[in-house]
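**Q** With these hints in hand, go ahead and build the complete structure from the sequences.
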Amino acid sequence: MIYFDLDNTLIDYNSSERKAIEFIFKEKYGLVLNNNQTDYWSKISRKYFDYYLSKQITFEEQGKNRFIKMLSYCGYVENEKIAMELFEEYQKQLENSWILFDDVVDMLHSLEGYRLGIISNGRSIQQRAKLSCTNIEKYFEIILISEETGFAKPSVDIFYEAVKQSGEKIDSVIYVGDNIKTDILPCEKIGMKCVLVDRNSICEKNICKIKNLYEIHNVLLNDIGQYNTELSIRSSAQ
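Numbering of the sequence shown is given in the numbering used here, commencing with residue 1 and proceeding in unit increments.
Warning: the hint list may mix true and false statements.
[Said to hold, decoys possible] With a straight-line Cα cutoff of 25 Å, these simulated SDA-like cross-link-like pairs (lysine to any residue) come out:
id : residue 1 : residue 2
1  : K26       : M1
2  : K205      : E188
3  : K28       : Q62
4  : K189      : M1
5  : K92       : G122
6  : K19       : I202
7  : K47       : I82
8  : K28       : E80
9  : K19       : I68
10 : K193      : L144
11 : K138      : D7
12 : K69       : A20
13 : K138      : L220
14 : K181      : D12
15 : K47       : I180
16 : K43       : N8
17 : K43       : I68
18 : K55       : D7
19 : K92       : G30
20 : K138      : G167
21 : K193      : C203
22 : K69       : L33
23 : K28       : E17
24 : K43       : M1
25 : K211      : G117
26 : K211      : S15
27 : K26       : K55
28 : K69       : G117
29 : K19       : K47
30 : K92       : T38
31 : K55       : M1
32 : K19       : S201
33 : K19       : G167
34 : K193      : V219
35 : K43       : V32
36 : K189      : E148
37 : K28       : V104
38 : K181      : K211
39 : K189      : I202
40 : K169      : N222
FYI, nobody ran anything at the bench for these hints, they're computed from the structure.
Quick caveat: nothing in here was measured; it's all calculated off a predicted structure.
**A** Given below as structure tokens:
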């Protein structure tokens, strides 16, 4: 069984997020956001979404707080009502901005015969919409989302649940994700095989890693436990 993370592994979430926030500020304020401003949005988004995942605040509160901070950072008056309205519009724009990485569909086609699944943090309605809107839901036998399971990565409980639902032994299950903290470390803790998708070659940790999803076949042909050297780029044209 091969499980995949969703955001920034299959879905190019960073690009979708940037496109949506740029649209909001240009449409509402005529402001073309610069790189510092979009980077700030990404930073506070991760911060407040982590608060939501740890159940410190609601989904609506994390969204409102993100926009309150962003409005202040961009020089506008902080207003809770406006912040909430902007967040609601932002959610709509995100739904129109989901895009897959270029290697995803070919990779999924190439894995025909393998059992595939999803383990993802987030709200059920949004995460399932991403799979539906990008037409990849049909590839996955099991879909586990933190809101539905009650456990959010990096909790090992959601990974144990994935193993349980697969009906396979833990050393037969593979997880593919892009984040060391939420994807790789919990897998290592419970002895699940894991693969880091390191598209920008920034990880120096001696683990099994690939630069794109085409390389997943190199991993499947090797023993992941001993596969510690960084793989060379393999494109669909090769």
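**Q** Does each hint hold? Answer for all of them.
**A** Comparing the hints with the structure gives:
1. For the suggested pair K26 and M1, the alpha carbons sit about 44 Å apart, so the restraint of at most 25 Å is broken.
2. A hinted pair counts as satisfied when its Cα atoms are at most 25 Å apart, and K205 with E188 qualifies at roughly 13 Å.
3. Of the supplied pair hints, the one linking K28 and Q62 holds, its CA atoms being roughly 21 Å apart against a limit of 25 Å.
4. Using a Cα cut-off of 25 Å, the hinted pair K189 and M1 holds, with the two alpha carbons roughly 18 Å apart.
5. A threshold of 25 Å between alpha carbons decides the hint, and for K92 with G122 the separation of about 16 Å falls inside it, so the pair holds.
6. About 24 Å separates the Cα atoms of K19 and I202, which keeps this hinted pair within 25 Å; it holds.
7. For the hint pairing K47 with I82, the CA-to-CA distance comes to about 21 Å; that is within 25 Å, so the pair holds.
8. A hinted pair counts as satisfied when its Cα atoms are at most 25 Å apart, and K28 with E80 qualifies at roughly 16 Å.
9. At most 25 Å may separate the alpha-carbon atoms for a hinted pair to count; K19 and I68 meet this at roughly 19 Å.
10. Taking the CA atoms of K193 and L144, the gap is about 18 Å. The hint holds against a cut of 25 Å.
11. At most 25 Å may separate the alpha-carbon atoms for a hinted pair to count; K138 and D7 meet this at roughly 17 Å.
12. Distance hint between K69 and A20 is fulfilled; the C-alpha atoms sit about 17 Å from each other, no more than 25 Å.
13. For the suggested pair K138 and L220, the alpha carbons sit about 22 Å apart, so the restraint of at most 25 Å is met.
14. A hinted pair counts as satisfied when its Cα atoms are at most 25 Å apart, and K181 with D12 qualifies at roughly 19 Å.
15. For the proposed pair K47 and I180, the alpha carbon gap of about 16 Å is at most 25 Å, so the pair holds.
16. Our distance criterion of 25 Å between C-alpha atoms is met by K43 and N8, whose separation comes to about 15 Å.
17. At most 25 Å may separate the alpha-carbon atoms for a hinted pair to count; K43 and I68 meet this at roughly 14 Å.
18. Between K55 and D7 the alpha-carbon distance is near 20 Å, which keeps this suggested pair within the 25 Å criterion.
19. At most 25 Å may separate the alpha-carbon atoms for a hinted pair to count; K92 and G30 meet this at roughly 19 Å.
20. Distance restraint check for K138 and G167: the Cα-Cα separation of roughly 20 Å lies within the 25 Å cut-off, and the hinted pair is therefore satisfied.
21. For the suggested pair K193 and C203, the alpha carbons sit about 18 Å apart, so the restraint of at most 25 Å is met.
22. With a C-alpha separation of about 15 Å, the suggested pairing of K69 with L33 holds against the 25 Å cut-off.
23. Using a Cα cut-off of 25 Å, the hinted pair K28 and E17 holds, with the two alpha carbons roughly 17 Å apart.
24. At roughly 33 Å between alpha-carbon atoms, K43 and M1 are farther apart than 25 Å, so this suggested pair is violated.
25. Pair hint K211 plus G117 holds up; C-alpha atoms about 21 Å apart against a cutoff of 25 Å.
26. Between K211 and S15, the direct Cα distance comes to roughly 18 Å. Compliance with the 25 Å bound is thereby established for this hinted pair.
27. Between K26 and K55 the CA atoms are separated by roughly 32 Å; this puts the pair beyond 25 Å, and the hint is violated.
28. With a C-alpha separation of about 36 Å, the suggested pairing of K69 with G117 is violated against the 25 Å cut-off.
29. For the hint pairing K19 with K47, the CA-to-CA distance comes to about 19 Å; that is within 25 Å, so the pair holds.
30. Restraint check: the Cα-Cα separation between K92 and T38 comes to about 18 Å, which is no more than 25 Å; the hinted pair holds.
31. Our distance criterion of 25 Å between C-alpha atoms is broken by K55 and M1, whose separation comes to about 30 Å.
32. The straight-line distance between the Cα atoms of K19 and S201 is roughly 24 Å, inside the 25 Å bound, and the hint therefore holds.
33. For the hint linking K19 to G167, the alpha-carbon distance of about 40 Å lies beyond 25 Å, and the restraint is violated.
34. For the proposed pair K193 and V219, the alpha carbon gap of about 11 Å is at most 25 Å, so the pair holds.
35. The hinted pair formed by K43 and V32 meets the criterion: a straight-line CA distance of about 18 Å does not exceed 25 Å.
36. With a C-alpha separation of about 23 Å, the suggested pairing of K189 with E148 holds against the 25 Å cut-off.
37. For a cut-off of 25 Å, the pair hint linking K28 to V104 is broken: about 34 Å separates their Cα positions.
38. Pair hint K181 plus K211 holds up; C-alpha atoms about 18 Å apart against a cutoff of 25 Å.
39. Note on K189 and I202: the hinted pairing holds, with a Cα-Cα distance of about 22 Å set against a maximum of 25 Å.
40. Proposed proximity of K169 and N222 is supported: the alpha carbons are some 18 Å apart, at most 25 Å.
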